[in-house]
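Peer 1: The primary structure of each chain is shown beneath.
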Amino acid sequence: MAASILNTTVVLRLPLSASRQWVWLISGLTVLVALVGLISCWLNSDIAAPLRPGLDFTGGTQIQLERDCGESCLDLKSIAVSNPVQSLTLPSEDDEPVPNLRSARVQLLDGGESLVLRVPTLTAAQGQALIAAVEPIAGPFVSGGQSVDTIGPSLGRQLLRSTLISLVVALSGIALYISFRYDGRYAFLALVALAHDVIIVSGVFAWLGLLIQLEVDSLFAVALLTIAGYSVNDTVVVFDRIRERARAEAGLGLSTQVDQAVSATLTRTLYTSGTTLLPLLALIFFGGATLYWFAIALALGVVVGSWSSIALAPSVLTLWEPRAEA
Amino acid sequence: MARYQGWFAFVLALAIAAGMFLVRTPLQLGLDLRGGSQLTVQVQPAGDINVVGDREMEAVKAVLDRRVNGLGVAESTLQTVGTDQLVLQLPGEQDPTAAARVLGDTALLEFRAQREGTEAKFRSLRQLQSQARAILQLRKDQRRRGETPDELNLDDLKDVQESLGLNTEGGSDDEPLQTLLDQADDELLTLLEPAALTGQQLLTAGRQPLQNNPNSWEVTLNFNAEGAEAFADLTQSIAGSDRLLAITLDNTLISAASVGPQFKSAGISGGAATISGNFDAQTARELEVKLRGGSLPLPVEVVEVRTIGPTLGAENIRRSLMAALSGLALVGVFMTVAYRLPGAVAVVALSLYALFNLSVYALIPVTLTLPGIAGFILSIGMAVDANVLIFERIKDELRRGNTLIRSIDTGFSEAFSSILDGHLTTLISCAALFFLGTGLVKGFAATLGIGVLLSLFTALTCTRVLLRFLMGYAGLRQPTYFIAQGQRPSTTA
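Here the protein sequences come in this chain order: G and A. The first sequence maps to residues 1 to 326 in the numbering used here. The second sequence maps to residues 1 to 493 in the numbering used here.
Hints listed in this document are in silico derivations from the structure and should not be mistaken for laboratory results. For every residue, glycine included, the Cβ atom is placed at its ideal position computed from N, Cα and C. Take the hints with a grain of salt, since some may be wrong.
[What the hints assert, rightly or not] Part of the chain A face toward chain G, derived, beta carbon under 7 Å:
#1 Thr-307
#2 Gly-327
#3 Pro-371
#4 Val-384
#5 Leu-436
Only chain A is shown next, with the shape it has when bound in the complex:
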């Protein structure tokens, strides 16, 4: 008997500890329960790298981590999923547009000098581009005001475009213009020397509004010692000539500037430069964040964006909690009616079970998602099954005329093998789902798996200890508290 009092104290202490832990450590709720955005990016193999390995993933993650921190969303998390994916969670963020843009770009920044003897062509390409951009902007503004833009008229661009050998065939709406811009971009790149300096030599990046026009911003760059030297050499080589210094981002020309003759002797020293290429406050900030984070070693693609509003999350929580509680209440009523005293004990054990489950979620921690809650509710079913198996065995023993205590002990030991088999087979599928499944399948497997393990403990320990502890009181040692009078052989009292 003393043995069961010791165990009883242990279970009680465990319950109190779990309760206190749960009060201090709040449960982590998934984005589907509290609202926010989730972006999944996939890393693409490129160049010499055919398979994305751990080292590449780490490098990509480091860059994206810095960019995400630059975004300044509280509590954002970036996690590697599977072999080539990263999941970014932004709690509370309702508009993932900026995040998608910042994550997706490679941000390969290059400083390149213009080739000799290409001045005329370079100039006409730039002119063509700015005209095309102006038309595109005009049409965009018209659409925003709800007007239908005129039929696209490219006659003005025709001469210069033909002299450059670009074509605008095919496509509808703005497509010819877009094609033209792309072709001009590619053409411009062929007029540049290889990169003398890249974003890798950047020390830091910043941004500031232009003095003469506060709505227009520029991005400031500071190079490290090696970069400062390369920049001085680069500027010296083209100073005073008609050749321009081109700055390209992801193989698109974003800025081109001339270097004055005063830098002929030593180039621009000091290791600082600015890019002023048509930025507003928002785009300047995004470029700054990308440059600070460094360029990605491999290109990435945003493959999934999920956004859920906070009230939708709260509604989900409320409904699922309601379902869990009402389900539990019904199970409790059923157990007490069907199994009397042991049924009531099982209700206490199942409440402990729920408490232990929640505190394990907080301890590990498990981020609770909607499928996770479903897994928890289902695991309640399995926990009840264990109790039902035991109580049916106890009833069997009592029907055979065994004494109460002996029936309880035999009931537990007889039920053990089937409880173990049932729980282990469920655990096997949970393990397969957890290690091989993705996203919400993982969340479901985690809560169901924890539930199954804890159910083994509560059914075999808590229920038993509580039941045996109560049997210490003579008033409760009544077979009729376990089974209807008529079902027992009358010979044993």
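Pulled out of the complex, with its shape left as it was, chain G reads as follows:
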């Protein structure tokens, strides 16, 4: 294919290199705010971790009950449930100590239609006893509409460990693949873009943990891993174009090649992010409460991921340009 034909049709829609300082400022500030959130969470004696860990990581029992109450659902205040629960004494079982319910937390979701109880680890029988004790206050409950999760504390640590290990392995694998298909610079930049995306999304959830006591569960870990995959996928396509431009227009400066590549892939990146967002928005609006925050984390990741692959990664790449040509 003749290079001259290619040359005529590239329309510069985004003079990225010229405004790269702005890109870095925006990304830098956002990452800073995210880091402040993560660190404040860590310093908060109530949380003492970068994110507020949920049941999946801390261990304990969570009971979710669907209430059969219609209009009157709104009348119940969570304090009306939490007070009696906290003073409840559960039956002892075998020779285990009876769990103390003083730390029990009660949450009302979906306009009072479902009730979530978080308590220290209970045995199955103690869980049933607790449900029976709550029934006169918050009942009647939809029969078959209850879920009881009990997770031992060791399991939470295992989950955290296996998630971190798989994250490290996945990232190394991706870095190796890009180094092999492109070169080390691209692999490094893909990881920078990825870290940028993951830090911002985690930061938002750290702030949510501080402000509305939102806890992260294992689904959030899944979301972060997905965002990592998506971010790289998005960035790689832009890199693929830059490489193609570099081959076709070897004479042009790196900045120009990057600008052309970003302009050429702009429609694609926006369309793809848009079409990925559509099912996620559908999940947010129509999906159950279980997947609500999961979908929000993913949607946020898609938006941030598009930004980092359109703007951040290519603009950092132009730093490698020899000064004379700039």
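Position chain A relative to chain G; hints supplied.
Peer 2: Frame of chain G; chain A shown alone:
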């Protein structure tokens, strides 16, 4: 052209096969979608075994398998997860209490003779225990009726307890009593000879109600030849004496009986015995199940119990399906508006994509869970990305004034390398998640990974074949079906 007709027939046949397969083989739904209980047990190293290996896991699983079958829950599955965990799924089961009890006990059954000269102490310990149990039962009944039990008064037990050197210091509520019972248990065990016979020599176990009291049950045992001989020897050695035959389960005395003098000559032969130790129908059945399953080679601990009601599951399915369908519909509308004819072709290809995905889930089979559905929905996004990449390239080619057919072919080949890179990087993280992750992370990685692989196939094959097949009709070979008139150089028609 004939080449594309052949391919078209192939894709069509594949779609029909997938559809028929899907109708015949229902999808497996996870417990979060249809309701049920899931228990995770962790095998603990004990004794000489510091690390739980494959052989130990197999032995533990075999025992638990037999116990689970004894529970009689339809479709229950027991799977090894990671290196030292087993996950039991009980579809439809809403009360995992019994299952947790049956799984968690080691069930080490031992028959031990009482040591000589310990009769008095043995008797007073047993008496103390039965008194303590009676008080405990009383207090439990009071609580059940909603009354507050009286202040614990242990004065009656004081004399005998002190003569035995047990203490009841500390603790609140029932704890002193519980401590007392535990200490008496430990004390009793020191009065017994080593085990002459264990649950390993059991042939089978059963249960029956007592003749004089149908609410009270006993568990019946049948030994194998070796066990029958050992049992005869054991009973012979203590027949006619004041020494008792003790039966212990997990190092707790559950029953003690005297052997009459008539067995002095040959012991109790025939290899059968009964344990009548205060069982009701439920506890007798649980002990029978545990004994039949055999004792666990290593202790286990129930570390996770999840229960979800069936309607909550149905609600989850309905909402997630709704989200998936509305998301797909929106994507379809968008693609058709943005890319015209190829967009409509992509909608067909994406429908095939969804069909292939579901039939692969049924084929492998993949148990569909909520995170699994999320992975599927996300993979739709990736599949669309592949189509967008191709169509953008085709548009580029058309803007340069290339012919339609040539633009299509170049579009596919130009887009290939970025599609491949994007899909492979996603596949790499899916593999890491699948092999290193646990539980729901695995389910998510499985559906996303399958989705990514199939997306490579549908985007590069289905979309292309359909598009080229349609190009066989002259009426459809209109550049305006691909791109707005104004965006093409006017020199080429």
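Peer 1: To test your reading of the hints: which numbers does this structure violate?
Peer 2: Violated hints: none; all satisfied.
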